[in-house]
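S.K.: Each chain, written out:
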Amino acid sequence: MTDLFGLLSFGSEGWGDDLARGVVVTITLAVATLPLGLALGLGVALLKNAKGRVARALGELYTTVFRGLPELLTILIVAFGAPRLIASLTGATVEINSFVAGVVALGLVFGAFSSEVLLAAIRAVPKGQSESAAALGLSRRLAFRLVVFPQLWRVALPGLSNTWLVLLKDTSLVSVIALADLTRQTNLAVNATKQPFFFYLVACLIYLALSGLSTAIARRLEARADRGFAAAGR
Amino acid sequence: MEAALGHAILTVWGALGFDAELMARYGPRVVDGLWTTLGLVAVSCSVGFLLALPLGVALVEGGRVTRALCLSFSTFFRGTPLLAQVFLVYYGAGQFRDALDAVGLWGVFRDAWWCVAITFTLNTAAYQAEIIRGGVRSVARGQGEAAAALGLRRGQTYLTVILPQALAQGLRPLGNELVLMIKASSIASVVTVYDVLGATKYAFSRSYDFEVYLWAALIYLVLVETVRRVWNLLERRATRHLRPREA
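Chains as they are written, first to last, in UniProt numbering: chain A, 1 to 234; chain B, 1 to 247.
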């Protein structure tokens, strides 16, 4: 048992530092995906909320495709397809590194799921709120920032934190396109040490800890977003 | 007859701008993959459901120890990536070969399909148990009390009063879970199972034609949309007594 834990030590003997580097890649990937995914999600939510029929159809199409495709397939399509697409459009041959492919693929997926959450949140804020803000003389931008957004954010947070947790777990799929994330680093450790059960269990526990940490942060954000709102019950 | 049908499909396929020859060569493999995918999903979702029923009820009714055990099961399988779980079972089992051999289970764990099916089953059981837990908790307390007043035993109350209502409540999320499992089943391809994605990866490695990935995308999209729509219809039918009458 002690030699198993020795395998986790840092330095040239153990795999602790290699796993730690994988954790950093996993977290970086997830955090880098977040802004792209949120921007896509907001854009698609606005499309789906638009008056025009074409815009709404486009929004629905986007959601249907990227919510329906397996995440693994999306990653493979982006990783193998994007260079071909760019080559056929511009004639230039490009290598897309696996980190960028991962961010784009996971961002597309995150956009599809978060657009549903954001759409519900946009619709949850009554129109009267922005109208009364306008009546008080607030500019459109100020009205959004001070009146609409805090209410929208409060409704969207639980859904977004769920989507984030899914994203965090989905990052493991990029190990398939050889990005050195936690899962990939664990594969390497397993190949070298022939201790698959131990190392995959450790990897699972690390993912569990990351999920736990995310949930704790989400709770804090939710508590903050809830201030000034008297809920029924509780 | 079959040959004529195959020929017709290929002609339409070619007319749509796809590569008919590629389809003729690798199409049958992908179709086999489709059956593998459907089999995996059917087995894991149905066995997972059978596991989830007692688990979900135990999450509500169990004593402190039972609840803690069920909760750690569900937290583990919902909090970690399915890919890592598949690796844990598929590669991890090899380490316990002697023990598994002794109980006659090595034949099962040596086979990638079984390892994946077992992992998927446990994974979806954890998610479905949470759905059932939510459903049970949504049933008003008075229902259980009324059943007790009528002299029903605890087990009877659950079977005839609480669970039917809990499941009606949980139908929609259970459908979502089914769709998620269809998508997640593609992870089987990573450990050498030839499901839709596995067959597609094989075709790609042989032909280097990116088009095969688009077939796979189309198959998954059609599959997921069909299941989603059919499930929604069934759900609406099954819960129509719960909706207010349409005016």
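Keep in mind the hints are simulated off the structure, nothing from the lab. Beta carbons are placed, not taken as given, at the ideal position from N, Cα and C, and that holds for glycine. Worth double-checking, as some hints may not be accurate.
As the list claims (entries may be wrong) - Computed footprint of chain B on chain A; a stretch qualifies when at least three of its residues, placed anywhere within it, have a C-beta under 8 Å from a C-beta of chain B:
1) 68–81
2) 181–193
3) 207–221
What the hints assert, rightly or not - Quick list of in silico lysine to aspartate or glutamate cross-link-like pairs, EDC-like style, CA-CA up to 20 Å:
4) LYS194/A - GLU13/A
5) LYS194/A - ASP3/A
6) LYS127/A - GLU13/A
7) LYS51/A - GLU116/A
8) LYS183/B - ASP17/A
9) LYS183/B - GLU145/B
10) LYS194/A - ASP209/B
11) LYS51/A - GLU131/A
12) LYS194/A - ASP111/B
13) LYS194/A - GLU60/A
14) LYS194/A - ASP32/B
15) LYS183/B - GLU60/A
16) LYS183/B - ASP19/B
S.K.: For the pair we were handed, LYS183/B and ASP19/B, check the Cα-Cα distance against 20 Å.
M.R.: violated (26 Å)
S.K.: Is LYS194/A close enough to ASP3/A, meaning Cα to Cα at most 20 Å?
M.R.: Roughly 13 Å separates the two Cα atoms, so the pair holds.
S.K.: Keeping to a limit of 20 Å between CA atoms, is the pair of LYS194/A and ASP111/B held or broken?
M.R.: Cα-Cα ~19 Å, so holds.
S.K.: Does ASP32/B sit within 20 Å of LYS194/A, going by the straight-line distance between their CA atoms?
M.R.: violated (33 Å)
S.K.: Do the alpha carbons of LYS51/A and GLU131/A lie within 20 Å of each other, as the hint requires?
M.R.: holds (19 Å)
S.K.: If you look at each residue in the segment 207–221 of chain A, do at least three have a Cβ nearer than 8 Å to any Cβ of chain B?
M.R.: Our answer is that it holds, as 4 residues pass the Cβ test (under 8 Å) against chain B, meeting three.
S.K.: Next pair to validate is LYS51/A with GLU116/A; report whether the Cα-Cα distance is within 20 Å.
M.R.: holds (17 Å)
S.K.: Verify the coverage statement for the segment 68–81 of chain A against chain B, using a C-beta to C-beta distance below 8 Å and requiring 3 or more qualifying residues.
M.R.: With 10 residues close enough to chain B, the hint holds.
S.K.: Decide if the proposed pair is consistent with the structure: LYS194/A and ASP209/B, CA atoms, cutoff 20 Å inclusive.
M.R.: Measuring from Cα to Cα gives roughly 36 Å; hence the hint is violated.
S.K.: Measure nothing beyond the straight line between the CA atoms of LYS183/B and GLU145/B; if it is 20 Å or shorter, mark the hint as holding.
M.R.: Violated, at about 41 Å.
S.K.: Regarding the pair LYS183/B and GLU60/A, is the alpha-carbon distance no greater than 20 Å?
M.R.: Between LYS183/B and GLU60/A the Cα gap is close to 19 Å, so the pair holds against 20 Å.
S.K.: If you look at each residue in the segment 181–193 of chain A, do at least three have a Cβ nearer than 8 Å to any Cβ of chain B?
M.R.: holds (count 4)
The earlier numbered hints that this structure contradicts are 6, 8, 9, 10, 13, 14, 16.
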